[in-house]
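*Asks:* Residue numbers (the working numbering), protein chains in the order written: chain A, 1 to 297; chain B, 298 to 557.
These aren't lab readings, by the way, just hints derived from the structure by calculation.
On a predicted model such as this, the values are computed, not experimentally measured, just so you know.
All C-beta atoms, glycine included, are put in the ideal place defined by N, C-alpha and C.
No incorrect hints appear here.
To give an idea of the interface, some chain A residues facing chain B are shown, with a C-beta separation under 7 Å as derived from the structure:
(1) T200
(2) Y201
(3) N202
(4) A203
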Amino acid sequence: MKSFGPVLVVVGCILALWYGAAVLMNAQWERDQAGRAGEAIGWAQIVPKTMAQERPVLPAPHQVAAEFWALTWGEEVGGRRGIVQSGSLSNRGLVLHAWVTFSATMLGFAIGSGFGILLAVGIVHNRAMDASVMPWAIASQTIPIVAIAPMIIVVLNSVGVAGLIPKAIIAAYLSFFPVVVGMVKGLRSPDGMQLDLLRTYNASAAQGLWNLRLPASMPYLFASLKVGVAASFVGTIVAELPLGGAGLGTRLLAGSYYGQTIQIWATLVMASLLAAGLVAVVGSIQSRVLARMGMGA
Amino acid sequence: MTAAVIEAKGVGLTFQTNGGPVHALSGVDLVIEKGDFVSFIGPSGCGKTTFLRCMAALETPTEGSLTVNGMSAEAARQARAYGYVFQAAGLYPWRTIGGNIRLPLEIMGFSKAEQAERVARVLELVELSKFENSFPWQLSGGMQQRASIARALSFDADILLMDEPFGALDEIVRDHLNEQLLALWARTEKTICFVTHSIPEAVYLSTKIVVMSPRPGRIAEVIESPLPRERPLDIRDTPEFIEIAHRVRDGLRAGHSYED
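Excised from the complex, chain A in its bound form:
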């Protein structure tokens, strides 16, 4: 591994800023409380209190960390509804919600990238598709997902499709686009000479796709998959916002209804860990595949 020094310095700076901001943003509430009780309050008392509020404007990092721990390890191992005592994941804990979001993300990502690759192959091999598909793909991404997601869910619900599928479709809706753009570029990356070479062998279009265009597009594919998996994750969370049931998006919205800021932040931590993990997994597959292909990343 590389040196952790610079990373730790950055983390330290962020934590310091975070604590500073927590003190400043939460101080007003303490002053109001003290004012109502008719007491005078100085900074020496305010500072420790700002870090231990139940519903702070901005929770301090250690509060978020404690909540995260309580909602994962604490809930599953020690809680009555946790996996240790009940045999299934607790619906209060973050692990279940993360799993629900993860499965919808993966399904949507698979649909989206598969669809994106097929579209790209069509665009590269068919003039009519080349002229007609791309503008629609671009137009599809200009529609705010927050606006269209609830409608897709309502429409699908009315025809009896509920649960994982609607979320996955919205995730796919966001993730196919980077894959199309990247793959069109990748499939067109072989130069004229390489295409001429296949012509001298009288190779068919399918042989050209399989032997030249697809392998040549791999670096482009993985770059778009990294963007795609992140987009897919965001799509799933947005799709979960209007839904009941489980999922990190549902959990975020519930937290904001009830002013549970610490819980919201703990959920955000879970979401960012999951997203970072997804991108990292794609990245490690990328370096393995490209290394095996002799194109070391």
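Chain B: place on chain A using the hints.
*Replies:* Relative to the frame of chain A, chain B by itself:
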């Protein structure tokens, strides 16, 4: 050695561009016989590469007739009548050297056993047997170009079309590859068409030198070489060699003065 492998009669090719028509080739008449080693030499824009691409059916002439192996160039391409070597090796970086040479064999549907046998044979021909499992980036530029020649030879087409294959290599490597190419030509008895910028290279290799000139691209002169087929490198110091080189240079100069 009298069967005509390639016959061009009045071949012309005009590209329509935004700046008006460009006459890349005009009135090319040429007969290439089986076993010939023909070099095409001339300044940039003289149409030598274009003519080679016409023979390969990568371009289609707009005038005249061109037959390869007695059929149209397009039919010859579909019959896989020739192997083509480009200016750059153009090996696929994700395939090993052996894998690159196997590419045409896979596309043409040879059996696995035959593929392995042919790959081994052509690798030996270009002296790269030890590198079958290496990736292209592990080889020098000259070795990569040899691998690309092996790739063109692997499916045993009778005709080898080579477009400045050694243009990007230094002179020492080039001399060596020229010698190897002659040895290979002697062993395989293929008909070779070879585009080059270099007068010594053209004279050293060829039985027939086609001197071309630009605007419009056309044949200025065809020189039959009296040199023997067996050619050691030092043949380049003999008076005969120098005399042919002179004739080629004169032909090139005559072509150039035309445009002034």
